[in-house]
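A.B. asks: Protein sequences, first through last, are from chains Z and V. Heads up: the first sequence runs through residues 1140 to 1419, numbered per this note's numbering. Heads up: the second sequence runs through residues 464 to 640, numbered per this note's numbering.
Treat the hints with care, since some could be wrong.
Claimed, not checked - Keeping only pairs whose Cα atoms sit at most 25 Å apart, straight-line, the calculated SDA-like set for lysine to any residue is: (1) Z/K1251 with V/V573; (2) Z/K1359 with V/F567; (3) Z/K1359 with V/D577; (4) Z/K1251 with V/N619; (5) Z/K1359 with Z/A1390; (6) Z/K1251 with Z/K1397; (7) Z/K1251 with V/V634; (8) Z/K1359 with V/R628; (9) Z/K1359 with V/Y579; (10) Z/K1359 with V/W604; (11) Z/K1359 with V/S571; (12) Z/K1359 with V/V547; (13) Z/K1359 with V/D578; (14) Z/K1359 with V/N570; (15) Z/K1288 with Z/D1212; (16) Z/K1359 with V/N618; (17) Z/K1397 with Z/Y1362; (18) Z/K1288 with Z/D1305; (19) Z/K1359 with V/I614; (20) Z/K1397 with Z/D1212; (21) Z/K1359 with V/P575; (22) Z/K1367 with Z/R1401; (23) Z/K1359 with V/R625; (24) Z/K1397 with V/N570; (25) Z/K1359 with Z/E1211; (26) Z/K1359 with V/D572; (27) Z/K1288 with Z/I1410; (28) Z/K1311 with Z/I1345; (29) Z/K1397 with V/Y574; (30) Z/K1251 with V/R628; (31) Z/K1397 with Z/T1219; (32) Z/K1251 with V/F622; (33) Z/K1359 with V/E569; (34) Z/K1288 with Z/V1407; (35) Z/K1359 with V/D581.
Said to hold, decoys possible - Restraint-style ranges between C-beta atoms, simulated for each label pair: (36) V/V573 with Z/G1315: 26 to 34 Å; (37) Z/M1208 with V/E569: 27 to 35 Å; (38) Z/Q1341 with V/I473: 50 to 58 Å; (39) Z/G1180 with V/E576: 22 to 30 Å; (40) Z/R1347 with V/D572: 26 to 34 Å.
Because the hints were derived from the structure by calculation, they are not lab data. Quick reminder that beta carbons are idealized off the backbone N, C-alpha and C, glycines included.
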Amino acid sequence: MKRLLLVVVTGLVLSCAPLKNSPFSEETQSSATNLNAHFLGAIKNSSLFSKNAPPIVFGVFSDSHQNYMALEDWVRDANTMDFDFVVSLGDFTNQGMNFEYDAYLSLISPLKAPLITVLGNHDSVGRGKLIYRRVFGPYNFTYEMKGYKFVVFNNNRLDFIDEGIDWNWLEKEVRGSSVPVVIFMHVDPDNQEYFTDENRAQFWNIVRGSPVRLIMNGHKHVYQTETKDGILRHQVERLERGRWSRVTLAANSITVEKCTRRDCSHEVQHIFDTDSHPLE
Amino acid sequence: MRFSIYLILILILWSELAIAQWGVALGTGSYMGDRHYGVAYTSESGNHQTEFSYGTTPGIIGDEVRQLSLKYIYSPFHSSYRGVTTNWIGLGAMVTRCLCEETFVENSDVYPEDDYYDETAYRFGLVLASTVQWKNWEAYWDWTLLDQVAIAVYNNDRFRDRAERYWASGVGLRYYF
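Using the sequences plus the hints, can you model the full thing?
C.D. replies: What follows is the structure, given as C-alpha cells:
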C-alpha cells in the first residue's frame, strides 16, 4: 500500500513533466520564433518628432541570468508602468542552454510592453546562438520611433571569433542615419578583455561625430555612466537585486534614471545639440 | 572535468559489479536524445539498473545533436505478480556527454580565464524511474532533473512548487537476453 501511495504521489507530481530530448540541442519547449520582429511590429514607426510629441520612455534591464524571481518581479512591476518598449541587454542565461531560454521566455511572456532582447555572451554559448536566431531573429537590426533610430548590435566578439563582428554594418547604420541614434549592445565598448586596441579605436571612430547620442550596455553587472566625445554611455546593473534603468528621450535631451524595483533616482540628463534633429 | 570522470568510473564500476542480466534498450526523452539506443544491465536482485546509450536529436537549424549517456538507478521497491515484475520507484543519477563541436570541457584560448564559462559538454541529472518487466521485455518511464535546473530552482525558492516544469520525462523499452 505504501509503495502504491509513493508511486501515485510521484506520478501525480511528475505526470505533467514534458518529454525533453536533449539539453544540448536548439529545441525549445516554447514554439516562439522571431520574437524581436514580432515586438517591433507592435512599436509604431511614427512620424518624426513634433514639438508637442510626448517623449519616448523605455525600461532596460540586463544580465538576469538565472535570477528568475528577480525577473518575474520586474515583469510584474513593469506592467504597472507606461513604457513604449523595454529592452533586455543580454545574458538572460548562464550557458545558452535550451531550458534556460525556455525559463526566460516563460517569465517574459506576461510583459505588456514590447520587448527587445539583445544577445549576451552567455546566451551565445553552446547552441545558444542557434536558439537566439530561431527564437529572437537576427543578431543585428534597427528600428525607428518618433525621430530616433535604435541600433541593436551584437558585439560579443570573443564568442564570435570565427564569424566576426560586423563593424561595417554598424558604420553603415550609424553614419547613414539622419536622426539621433541609440545603440543597444551587451559588452561595454572599452572592455579590454573583449576587444583589442584596434577594435576599441574602430568603435569610437564609427560613433565619434556621428548621430549617436546614447550607448547602452550590460555585461559588467554594475552601473556606470560616462560622457565621451559628446556621447552618453550608460551601463546597466544586473537585475539580481531589482536594478534596472529608465530612459526618457525628448527632442534634444536624454534622461537616464537608475532604478530599484519601482523606485527610480540618481537621474543623469544629457542635453545635446539639435543640428542633426530634423524638426528642431 | 575530474569530477565527471570519477562519476563515470563509479557508475561503470557499480554496474559491472551488479551485472546479472544484460540487454538492449531503446528510448526517447530523459535528456538522453530524441532517440537513444544502448545496452542495459540489471542485477540479480533487480535493485540495480544501468543503461549506457547513444542518443540523437535532429537539429532544427543546426546539425543533428549526438550524445552518450550513462544512467544508474537503485530501485529496492519491487514486487512480482503472475510473472510481471514491477520496480515501483527507483532513484538514481545520469551523466550525458554531448558529441558536438559547440560544447566544451575547457574554455577556448580566446577567453581571458580558463574558467570563464563553466563546462557545457557534460550534464548531470537526478533520476526517478519505474519499470515493469514481463518475460524478457521491460518498459520504463523516468523523470530527470538536470544539475543546472536543480541549481536554478534551489536559487529561486518561489519556483520549487512548479516541479513539473523542470523535470524531463522519458520512456523506453528494454529486451534482456
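A.B. asks: For every hint, state whether the structure bears it out.
C.D. replies: Comparing the hints with the structure gives:
| no. | hint | result |
| --- | --- | --- |
| 1 | Z/K1251 with V/V573 | violated (40 Å) |
| 2 | Z/K1359 with V/F567 | holds (24 Å) |
| 3 | Z/K1359 with V/D577 | holds (19 Å) |
| 4 | Z/K1251 with V/N619 | holds (23 Å) |
| 5 | Z/K1359 with Z/A1390 | violated (30 Å) |
| 6 | Z/K1251 with Z/K1397 | holds (21 Å) |
| 7 | Z/K1251 with V/V634 | violated (38 Å) |
| 8 | Z/K1359 with V/R628 | violated (31 Å) |
| 9 | Z/K1359 with V/Y579 | holds (14 Å) |
| 10 | Z/K1359 with V/W604 | violated (44 Å) |
| 11 | Z/K1359 with V/S571 | holds (21 Å) |
| 12 | Z/K1359 with V/V547 | violated (59 Å) |
| 13 | Z/K1359 with V/D578 | holds (17 Å) |
| 14 | Z/K1359 with V/N570 | holds (20 Å) |
| 15 | Z/K1288 with Z/D1212 | violated (30 Å) |
| 16 | Z/K1359 with V/N618 | holds (21 Å) |
| 17 | Z/K1397 with Z/Y1362 | holds (8 Å) |
| 18 | Z/K1288 with Z/D1305 | holds (18 Å) |
| 19 | Z/K1359 with V/I614 | holds (23 Å) |
| 20 | Z/K1397 with Z/D1212 | holds (17 Å) |
| 21 | Z/K1359 with V/P575 | holds (15 Å) |
| 22 | Z/K1367 with Z/R1401 | violated (30 Å) |
| 23 | Z/K1359 with V/R625 | violated (31 Å) |
| 24 | Z/K1397 with V/N570 | violated (34 Å) |
| 25 | Z/K1359 with Z/E1211 | holds (22 Å) |
| 26 | Z/K1359 with V/D572 | holds (21 Å) |
| 27 | Z/K1288 with Z/I1410 | holds (17 Å) |
| 28 | Z/K1311 with Z/I1345 | holds (9 Å) |
| 29 | Z/K1397 with V/Y574 | violated (31 Å) |
| 30 | Z/K1251 with V/R628 | holds (23 Å) |
| 31 | Z/K1397 with Z/T1219 | holds (17 Å) |
| 32 | Z/K1251 with V/F622 | holds (22 Å) |
| 33 | Z/K1359 with V/E569 | holds (23 Å) |
| 34 | Z/K1288 with Z/V1407 | holds (21 Å) |
| 35 | Z/K1359 with V/D581 | holds (18 Å) |
| 36 | V/V573 with Z/G1315: 26 to 34 Å | holds (31 Å) |
| 37 | Z/M1208 with V/E569: 27 to 35 Å | holds (32 Å) |
| 38 | Z/Q1341 with V/I473: 50 to 58 Å | holds (51 Å) |
| 39 | Z/G1180 with V/E576: 22 to 30 Å | violated (41 Å) |
| 40 | Z/R1347 with V/D572: 26 to 34 Å | holds (32 Å) |
The structure shown violates the earlier hints numbered 1, 5, 7, 8, 10, 12, 15, 22, 23, 24, 29 and 39.
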